[in-house]
Amino acid sequence: MADTVSHTLSEDKAPEGPKFVFNWVGRIGLAVIVFWAIVAIAGPFLAPHPPGEIVDWDYFGPVTSEFWMGTDYLGRDIFSRIIMGARYTVGIALAAVTLACTIGVLLGMIAAVAGGWFDMILSRLLDAFNGIPSLLFGLVVVAAVGSSIPILIMTLTAIYMPGSYRFARALAVNINTMDFVTVARARGEATPYLILREIFPNILGPVLADLGLRFVFIVLVLSGLSFLGLGVQPPNADWGALVRENIEGLSLGAPAVVFPSIAIASLTISVNMFIDNLPTLIRDRSE
Amino acid sequence: MSQTNHDTPLVSVRDLKIGAVTDAKRKVEIIKGVDFDIAPGEILALIGESGSGKTTIALSLMGHTRPGCSINGGRIRVGNNNVTAMTTRQRAAMRGTEVSYVPQSAAAAFNPSQRIMDQVIEISTIHNLMPKAEARAKAVELFRALALPNPDTIGDRYPHQVSGGQLQRLSAAMALIGDPRLVIFDEPTTALDVTTQIEVLRAFKSAMAAGGCAGVYVSHDLAVVAQIADRIVVLRGGEVQEVGTSEQILNAPQNAYTKELLAAFEPAGRTPQPVQASDRKKPILEVTNLHAGYGPIRNGAPVAKILKDVNFQLEPGRNLGVIGESGSGKSTLARAIAGILPPYRGSVLVDGRELKPDLASRSKEDLRRTQIVFQLADTALNPGHSIANIIGRPLTFYKGLRGKARDARVIELLDMVHLPANMRHRLPSELSGGQKQRVNLARALAAEPELILCDEITSALDTVVAAAILELLKELQSELGLSYMFISHDLSTVEAICDDVLVMHKGVVVEALPASKMSECATHPYSRLLISSIPKLDTGWLASLEQDPDLIAQFSDR
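Chains as they are written, first to last, in UniProt numbering: chain A, 1 to 287; chain B, 1 to 558.
It should be emphasised that the hints constitute simulated quantities derived from the structure, not laboratory data. Fair warning: there could be bad hints in the mix.
Label pairs and their computed distance ranges (CB to CB) [unchecked claim]:
1) B/Gly33 - A/Asn23: 15 to 25 angstroms
2) B/Val303 - A/Pro192: 26 to 36 angstroms
3) A/Leu196 - B/Glu471: 51 to 61 angstroms
4) B/Ser105 - A/Leu196: 52 to 62 angstroms
Take a look, some chain A residues computed to stay more than 10 angstroms from chain B by CB distance [claimed, not checked]:
5) Asp56
6) Ser65
7) Trp68
8) Phe79
9) Leu106
10) Ala186
Negatives, chain A to chain B, calculated, CB over 12 angstroms [to be verified]:
11) Trp24
12) Val32
13) Ile33
14) Thr102
15) Val140
16) Ala144
17) Thr182
18) Ala184
19) Tyr193
Yeah, the Cβ is synthetic: ideal placement off N, Cα and C, and Gly gets one too.
Construct all of the structure, not just a fragment, from the sequences and the given hints.
Spelled out as structure tokens, the structure:
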């Protein structure tokens, strides 16, 4: 048989595991993420001024050697505020997106495998939840229990989990009908094995891409919540809030609005660059 | 070559080279210098296994290559058109009027939201060949020539309102409307049932003869090709192995590969295992009064009832074949026995023990004894798991084997299916079709079952590879004392491996026959029709075949 003898000559040795090699776009993405993560952790040591301190009597100040990124509408140092904002934006968004996707994907896979009434009830429930405007929901939660970082993370998770559930369920339903899942089921495997070993590896690629997108949305909603005064509380501010509070500076040509925007762009773009260029072994197993 | 009576061939292909660039930017040569001619009015068959380049060559006659491929050398001439030197615009003008194409899947080739007539006359509209009314009249003529029912009105239907065989003939009408000089048929009957295939082949043959156009018929099935082609080109790995008239290729092949293909077409038969009357054991599988179906349950029965009152027994060491056309319930039977689709009535006994209808209530031991192997090894193996993982999982699951012991057993199992031990580190995507099917079998064997349900396991494989899998099945049976329930639509495969055969039609077992004497013993009209519809390796088979039209009308949906 031609197809059986062709590989007998090569040595019987396990390959050294999948090689997790990133291409350069992925590496740049990862580098930017790591950079912001370090900034978030080391923020207080790096910031030249406290974020709430009014350091310049001139509002919307230009870039100077003292204020590297200018000053904001109250004359506070933008550079310091961006550095201090990193921990809110990166931290809250990352925590919320991880939670939302983990819960959503798990529930989605369970619903796809279990089917029947469980799937129907959960799907309709989360569909109904999807109908509540996200900012309104945030408003109600914060009004009810007050604003704190854990509450913010939970709120954002609750807002984005149903979408992640829908997405993962749609993918898992397709995989669930494939023969290898049927074979595993006919073998007598339990639901956790089916979900984690048979289905999850095959939906991981699209789920990661979805996670990247959802991360960007969370950064945007977080800034919206902060603008309404429901998010990060003053004098601290996340990047989205920095853009919003300095938006009038745009007409004055102030750098105060430009730099937070660059920070948001650099983070969200690099997260997507990183995820889109994950090694093929993780991203796409069908190839 | 047989073109002495024609001065210039209609098509001439010289030193054709087609290459592709893979995603990893590696260059692959697909067609490595192919030459052939087609005389006017002649039908040439391109035959070979998957990956031999037959479709690639056929498409190149229209100047088309699939994405990523390109014509890298050689010349193609069709009539007065030098296809390889033409611009894209010139090629577009040639397609449909000079060369046209009949794809494998007519269902995918028709737009489901447009009426058939509008799609059939599309070529004449695009090329401004004739007024619409004239084109419609011509299409009706073609429908008549292709023996379609209600030729005057069938064009007003939508594609889903006609059967698969009719749709395939309609797509031939679509190809013939522009009076092309060359028609390319790309495996047009492969997806059809055998009884339908006959009708379609006959229609193609007469329409081609009437139109006087030449044809290229791409197929992997020698018996089908023998009925329609004048000459055959045998391809392998992008190179021509042998060219000759159909008679010569079938009766006096010169090339070793052609001989192998012909040999694989009729696998060696099986000496029937006698029923041991003396020490008559319990049957390994006993199915009584089995009913199964799909959909919500109403009054204790599902809405769509598929299997109706199926009864049979399978003695240990013997093999049972199940044959029937698509929709006959063969696969549903396997699923019902395996518990994937719980039967709503009737019982399944394996080795005298009654199995519970659904998977969840069956014990691990019951599940272990019956394993199912699916048709498509591509979808039956998880693309994310290594081969060691795929084969090793039943070992861990049923026997609790881990680590070294498991690894050693995986190597043993790979050896059993004639695969090298280092294959266990690969992913399924790194294996060929035949290798995947072997892994699929090895996974079933890992459970040490007594009964393996084989659901069309050789249907998606090339003839030569399929013959090797059948050999393997026989070998494993004599070593391990297994029994197979072998589902197939291919009679010669069933004949090669089974002792008894069940003929199924619309969920009912119409007849049980001994495999070695199927055609002699068949008494039920449907089994006779089915058995007589299997193409034979004989150029005159189709012409001499006589079937009762009433019988065909009764049993096939066309």
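Okay, the hints, checked on the actual structure:
no., hint, verdict
1, B/Gly33 - A/Asn23: 15 to 25 angstroms, "violated (36 angstroms)"
2, B/Val303 - A/Pro192: 26 to 36 angstroms, "holds (32 angstroms)"
3, A/Leu196 - B/Glu471: 51 to 61 angstroms, "violated (38 angstroms)"
4, B/Ser105 - A/Leu196: 52 to 62 angstroms, "violated (36 angstroms)"
5, Asp56, "holds (55 angstroms)"
6, Ser65, "holds (49 angstroms)"
7, Trp68, "holds (44 angstroms)"
8, Phe79, "holds (44 angstroms)"
9, Leu106, "holds (18 angstroms)"
10, Ala186, "violated (5 angstroms)"
11, Trp24, "holds (16 angstroms)"
12, Val32, "holds (27 angstroms)"
13, Ile33, "holds (26 angstroms)"
14, Thr102, "holds (19 angstroms)"
15, Val140, "holds (40 angstroms)"
16, Ala144, "holds (43 angstroms)"
17, Thr182, "violated (6 angstroms)"
18, Ala184, "violated (8 angstroms)"
19, Tyr193, "violated (9 angstroms)"
Hint check: violations occur at hints 1, 3, 4, 10, 17, 18, 19; the rest are consistent with the structure.
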